[in-house]
Amino acid sequence: MVRAVRGVLVECDPAIKSIIVNINSENNEYIIEDLDDSHLVVQENKVQQLKYLLDQRLKDTIMEPERDSDSDRDVKD
Amino acid sequence: MSVNTNSLQLSDYLEKLPGTTFKRLYQQPSTAFAIFRRMLPHLAKTIVMAMLYIPTPFLISDLEIWVKPNSKRQKDQALATLRSLHIIQSAGPQSMTLTTNFRNSLRLALEGGGGHHSFGVPSTLPVPSDVDLALLDRYARKKWDDILHYVVNSVEYSDMREKDTSGGGPKASVKELLIAGRLVEKRSVATISITQAGFTFLLQEANSQVWTLLLLWLEAADAAGERAGMDSVDMLSFLFLLASLELGRGYSTDALTEPRRNMLPYLVDFGLIYIPPHDHQQYFPTRLATTLTSSESSLRSVSAGFLAASEGGISDAGDKNAIILETNFRVYAYTSSPLQIAVLALFCELKMRFRELVSGKLSRQSIRKAVDMEEASSPPVIVDQIRLWQLDTERMSVCPGFLFKDFESVREYEDMANFAGEIGVLKWRNDRKGMFFASKVEQIKDFMKNRRKAEQ
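Top line first, the protein sequences correspond to chains C and X.
Just so you know, we're using the UniProt record's numbering here: the first sequence kicks off at 1 and counts up by one.
Just so you know, we're using the UniProt record's numbering here: the second sequence kicks off at 1 and counts up by one.
There's no promise every hint is true.
Simulated crosslink set (DSS-like; lysine-lysine; CA at most 27 Å straight-line) [what the hints assert, rightly or not]:
1. C:K46 with X:K142
2. C:K46 with X:K405
3. X:K16 with C:K46
4. C:K46 with X:K440
5. C:K46 with X:K433
6. C:K51 with X:K186
7. C:K46 with X:K427
8. X:K75 with X:K361
9. X:K449 with X:K75
10. X:K171 with X:K142
11. X:K449 with X:K16
12. X:K440 with C:K51
13. X:K16 with X:K427
14. X:K361 with C:K59
15. X:K45 with X:K68
16. C:K51 with X:K427
17. C:K51 with X:K405
18. X:K75 with X:K453
Treat the hints as calculated values from the structure; they're not laboratory data.
Generate the whole structure from the sequences, applying the supplied hints.
Structure below.
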């Protein structure tokens, strides 16, 4: 019998997807269906929380470049 | 009740209404006509016109002869739209008719028959001498700018804040709507700030902005229910009526039903109608109201203003705004409009302000702040960098909808996935897994039912 499951389709690159899978592995509360390398279906009411957690993880790993607020350097290549 | 990432749009709102509501809506010729005018693609209009005076059901095979094979997709989408708006219904397995109320009302609208007051009752009183198109436009713009300004001003930019612009502002009822619709957010007792939805709202074309706010109002009325004596279906009908009125003409308030008369103060607050201070027996629709169901734009939106400024520099006499964006990410804007400056402050760090000029700088942080709320349209050289910064926050794209799985046969899967593709709701499919994801479910359900019936 065919089923229609409500959810949110998430599209992202494989690296991000693996982080999401990793986040999910803690409590298994986000992912409804793992579709392929770059697609997932996620609980509708958990998307914001997932985005937040993803942001947190990435903040830990990506260095913010130093701020160069007042230079007049022309950045045309 | 909240506006999601994409602000609430009329079509989404209508699609969610049940068939019985449409029956009531279509009792009014003005509503049927407005839906026909505003909501239908050209092909759908052509189909409706073809069916309007045909006494017998229209055969789908006839329609197929009509439409070129390479336009099948457009035809299917047109029919899907007509079905979702309850304009057509099946009259058998292979034929369809217009729904009764819609047909009768659209005929009335076109022929001008009937004794209905569906297109408003013009006032017989003399028009006050000071009411003219210029006054109505000025009035509507002021009201609407106040609302936008309230949305923008909710962002902290303390060093640039002007005390003298805060005088007046929208009414408390409007502010409540904006908060309830989450276009702005209460951070604490005294401060509020713009949300992502609010940012999207701000950059919409004026007409969409008006609808966004009106739909929030309808939803609020629905939530309040009969207790407040408001009926969202009748309210929507009245909005469509307003859209059919003539700009610059006075209409009688006495001819309105009481619930509709009670709507007038709100419409005044939104700037959709003007009621002369000493003459409460007539109301004048403004351009915001009369353009509700047309595609021509009403008052110029904020983003259109910027676009004109960045494209043409000095465009016309009334509008000597220009934005200069240097390749070192410095921004100079020749404007003294508090609203435009406030919008700039959303994604620039404004540093200096002179008479008719503000200067500032785009930076990773300032853009980050803006893309957190969704970003604007900007000139070319900078755009790539903004996109890169934006990618930081867009690591995943999301689309709400439904995952279809566990099909009984490959045929069933293929038929349904193909159908979803044809009506434009298919977002992902995998033939090996036999699953697909669609953004909407209603028409697929109908299709599934019909398919079952046909198989039995």
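Consistency of the hints with the structure:
A C-alpha spacing of about 40 Å is found between C:K46 and X:K142, which places the hinted pair above 27 Å, so the restraint is violated. For the proposed pair C:K46 and X:K405, the alpha carbon gap of about 22 Å is at most 27 Å, so the pair holds. Distance hint between X:K16 and C:K46 is fulfilled; the C-alpha atoms sit about 23 Å from each other, no more than 27 Å. Taking the CA atoms of C:K46 and X:K440, the gap is near 20 Å; set against the 27 Å cutoff, the hint holds.
Pair hint C:K46 plus X:K433 holds up; C-alpha atoms about 25 Å apart against a cutoff of 27 Å. For the hint pairing C:K51 with X:K186, the CA-to-CA distance comes to about 22 Å; that is within 27 Å, so the pair holds. Taking the CA atoms of C:K46 and X:K427, the gap is near 20 Å; set against the 27 Å cutoff, the hint holds. Proximity of X:K75 to X:K361 is assessed by CA-CA distance (about 49 Å); at most 27 Å being required, the pair is judged violated.
Our distance criterion of 27 Å between C-alpha atoms is met by X:K449 and X:K75, whose separation comes to about 21 Å. In summary, the hint linking X:K171 to X:K142 is supported, as the alpha carbons are separated by about 13 Å, within the 27 Å threshold. A distance of roughly 20 Å separates the Cα atoms of X:K449 and X:K16; the hinted pair therefore holds under the 27 Å criterion. Annotation: proposed proximity of X:K440 to C:K51 holds, straight-line Cα distance about 23 Å (limit 27 Å).
Of the pairs offered as hints, the one joining X:K16 and X:K427 holds, with about 20 Å between alpha carbons and a cut-off of 27 Å not exceeded. A threshold of 27 Å between alpha carbons decides the hint, and for X:K361 with C:K59 the separation of about 24 Å falls inside it, so the pair holds. Distance hint between X:K45 and X:K68 is fulfilled; the C-alpha atoms sit about 17 Å from each other, no more than 27 Å. With a CA separation close to 20 Å, the supplied pair C:K51 and X:K427 stays within the 27 Å bound.
About 26 Å separates the Cα atoms of C:K51 and X:K405, which keeps this hinted pair within 27 Å; it holds. Using a Cα cut-off of 27 Å, the hinted pair X:K75 and X:K453 holds, with the two alpha carbons roughly 23 Å apart.
When held up to the earlier numbered hints, the structure conflicts with 1, 8 and fits the remainder.
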